[in-house]
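Number of protein chains: 2
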Amino acid sequence: MAETFYKEHSKFHVAVDCIIFGFDDGMLKLLIHKRKFEPFLDHWSLFGGFLRSDESLDDGARRILFELTGLENIYLEQLYAHGEPMRDPAGRVVSVSYVALIPGHKYHSGFSEQYDAVWIPLNMMPDLIMDHNDMVERGLKWLRRRASTRPIGFELLPEEFTIPRLQNLYEAILGEKLDKRNFRKKLLSMDFLKKLEEKDKTGSRKGAYLYKFDQQMYNKLVDNGFSFTI
Amino acid sequence: MAETFYKEHSKFHVAVDCIIFGFDDGMLKLLIHKRKFEPFLDHWSLFGGFLRSDESLDDGARRILFELTGLENIYLEQLYAHGEPMRDPAGRVVSVSYVALIPGHKYHSGFSEQYDAVWIPLNMMPDLIMDHNDMVERGLKWLRRRASTRPIGFELLPEEFTIPRLQNLYEAILGEKLDKRNFRKKLLSMDFLKKLEEKDKTGSRKGAYLYKFDQQMYNKLVDNGFSFTI
DNA sequence: TCAAAAGTGTTGTTGATACACCCATGA
DNA sequence: TCATGGGTGTATCAACAACACTTTTGA
Numbered sequence: 001m002a003e004t005f006y007k008e009h010s011k012f013h014v015a016v017d018c019i020i021f022g023f024d025d026g027m028l029k030l031l032i033h034k035r036k037f038e039p040f041l042d043h044w045s046l047f048g049g050f051l052r053s054d055e056s057l058d059d060g061a062r063r064i065l066f067e068l069t070g071l072e073n074i075y076l077e078q079l080y081a082h083g084e085p086m087r088d089p090a091g092r093v094v095s096v097s098y099v100a101l102i103p104g105h106k107y108h109s110g111f112s113e114q115y116d117a118v119w120i121p122l123n124m125m126p127d128l129i130m131d132h133n134d135m136v137e138r139g140l141k142w143l144r145r146r147a148s149t150r151p152i153g154f155e156l157l158p159e160e161f162t163i164p165r166l167q168n169l170y171e172a173i174l175g176e177k178l179d180k181r182n183f184r185k186k187l188l189s190m191d192f193l194k195k196l197e198e199k200d201k202t203g204s205r206k207g208a209y210l211y212k213f214d215q216q217m218y219n220k221l222v223d224n225g226f227s228f229t230i
Numbered sequence: 001m002a003e004t005f006y007k008e009h010s011k012f013h014v015a016v017d018c019i020i021f022g023f024d025d026g027m028l029k030l031l032i033h034k035r036k037f038e039p040f041l042d043h044w045s046l047f048g049g050f051l052r053s054d055e056s057l058d059d060g061a062r063r064i065l066f067e068l069t070g071l072e073n074i075y076l077e078q079l080y081a082h083g084e085p086m087r088d089p090a091g092r093v094v095s096v097s098y099v100a101l102i103p104g105h106k107y108h109s110g111f112s113e114q115y116d117a118v119w120i121p122l123n124m125m126p127d128l129i130m131d132h133n134d135m136v137e138r139g140l141k142w143l144r145r146r147a148s149t150r151p152i153g154f155e156l157l158p159e160e161f162t163i164p165r166l167q168n169l170y171e172a173i174l175g176e177k178l179d180k181r182n183f184r185k186k187l188l189s190m191d192f193l194k195k196l197e198e199k200d201k202t203g204s205r206k207g208a209y210l211y212k213f214d215q216q217m218y219n220k221l222v223d224n225g226f227s228f229t230i
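Heads up: the sequence lines are chains V and C, in that order.
Going by my numbering, the first sequence runs without a break in its numbering and finishes at 230.
Going by my numbering, the second sequence runs without a break in its numbering and finishes at 230.
To be clear, the hints were calculated from the coordinates, so they are not data collected in a lab.
Don't take each hint at face value.
Unchecked claim - Here are the simulated BS3-like cross-link-like pairs (lysine-lysine), alpha carbons at most 30 Å apart as the crow flies: (1) K11/V - K212/C; (2) K220/V - K220/C; (3) K7/V - K36/C; (4) K11/V - K201/C; (5) K7/V - K11/C; (6) K185/C - K201/C; (7) K206/V - K220/V; (8) K201/C - K177/V; (9) K194/C - K180/C; (10) K141/V - K220/C; (11) K180/C - K11/V; (12) K141/C - K201/C.
Claimed, not checked - Stretches of chain C that chain V covers, calculated by requiring three or more beta carbons in the stretch to come under 8 Å of a beta carbon on chain V: (13) 44 to 53; (14) 158 to 164; (15) 211 to 223.
What the hints assert, rightly or not - Okay, the calculated beta carbon distance ranges per label pair: (16) Y209/C - K195/V: 51 to 59 Å; (17) D42/C - K220/V: 27 to 35 Å; (18) K199/C - P164/V: 54 to 62 Å; (19) F226/V - T202/C: 36 to 44 Å; (20) R181/C - D24/V: 44 to 52 Å.
By construction, the Cβ of each residue, glycine as well, lies at the ideal position given by its N, Cα and C atoms.
Please work from the sequences and hints to get the whole structure.
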């Protein structure tokens, strides 16, 4: 019965494509791979797949990300629906893009090889299939906007991180150098970074103190009208 | 041949729903109507329709808006794709919502009656079908965000408008009173409002000078790194 | 001992906010 | 003449930007 009402209307394939950001070696990177099926077999592509009849768009995105990386509880947000009739030469497909942010410490889980996945620095992005380069550009704009109004930068770092590392990340996202004294002052004044006892010595002789993002504290601040900006 | 590649994958109805904002009597309003077909015949609903096989999402939104209002060249922006499997009890439908901003002076074109369309102030919104209330809420958040970072407020006013009218609009969008001296100072300092000779006397005895938004000037400012905030 | 990154305060400038009175006019 | 909304300037405060030297330590 359900399908009787609308049956005179066209139906479409619906796909989900994931724009997967990571941060490593001081660079923003994107996880892409060579496509495994026709058309465009073996061309560079975002990770995507077709929506199944029993799942929501969000579930589809989560599934695709999980199938690919084995990771769950990843920051994931819907970005944009692409629906040009000719965007895919092999058929009419409406594709909804999602942005995913992969924390730094989950990089080396070895998922890359089995799916032919590679992390490519944003400034070395090859031509991707169809409108995937547009998606990446839109994703980058989103990331810049989002990172300057919400504390999502932390989603791209390991749970424990140093202030200089955080600054590097913001510099990579915003594409500009920041003053370290002002950066530090501002971030610490916001009161949601917990300083730990240990130092991270991988970045320098001296070592830098590790910090943790305090989500609870952040929530409390937001409840009191605080809003993050960098 | 085109449809041979993906034929093992599910297909979906794709709909477009328009969140149509207007500004009148100092109030933000939304254009809604009573739905013309089952299911939910005669329930309050946003204006929407099914995507056709030969049109893009943007084209679909434009078409629906045109069929309804007879208006073209309306500010229209994609907002969000809703894809919960059970969002429509009559079938699996992925719906992409769009925000439309209708300029004030195009209100009285008489399109309302023939489509049973009514302008409802935002604070008197009835229960809408399915997830349409969510869409409205999302649309309002979008409008607040957008209006404070881009000069889209002008899309909701007639081509010629007074500063007090513009201020009323921003107050309605942001939901707070603004200081008239500061508002005026700020807007005029941005240099993209052209003052006209005539006054509009409908709002007061004294009359207030009319202004026009100078799109060219605005573009030039943006090229030079200017960014609008209110 | 030196190279390399971490850490630390102050000052000037700019933009935001708060605020009260006169003006023009039609009824 | 008076009620109504339009129009104007200044002073205070908070946030941001600019800027240079000391510390630690492994090689």
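Hints versus structure:
1. K11/V - K212/C: The given pair, whose Cα atoms are some 45 Å apart, is violated under the 30 Å limit.
2. K220/V - K220/C: violated, 42 Å
3. K7/V - K36/C: Given that 30 Å is the threshold and the Cα spacing comes to 17 Å, the pair holds.
4. K11/V - K201/C: violated, 53 Å
5. K7/V - K11/C: Measuring from Cα to Cα gives roughly 12 Å; hence the hint holds.
6. K185/C - K201/C: holds, 22 Å
7. K206/V - K220/V: violated, 34 Å
8. K201/C - K177/V: Violated, because 52 Å separates the two Cα atoms, which is more than 30 Å.
9. K194/C - K180/C: Satisfied, since the Cα-Cα distance of roughly 19 Å is no more than 30 Å.
10. K141/V - K220/C: holds, 21 Å
11. K180/C - K11/V: violated, 52 Å
12. K141/C - K201/C: Measuring from Cα to Cα gives roughly 33 Å; hence the hint is violated.
13. 44 to 53: holds (count 4)
14. 158 to 164: violated (count 0)
15. 211 to 223: violated (count 0)
16. Y209/C - K195/V: 51 to 59 Å: holds, 56 Å
17. D42/C - K220/V: 27 to 35 Å: violated, 46 Å
18. K199/C - P164/V: 54 to 62 Å: holds, 59 Å
19. F226/V - T202/C: 36 to 44 Å: Holds, since F226/V and T202/C (Cβ atoms, about 42 Å apart) stay within the stated range.
20. R181/C - D24/V: 44 to 52 Å: holds, 51 Å
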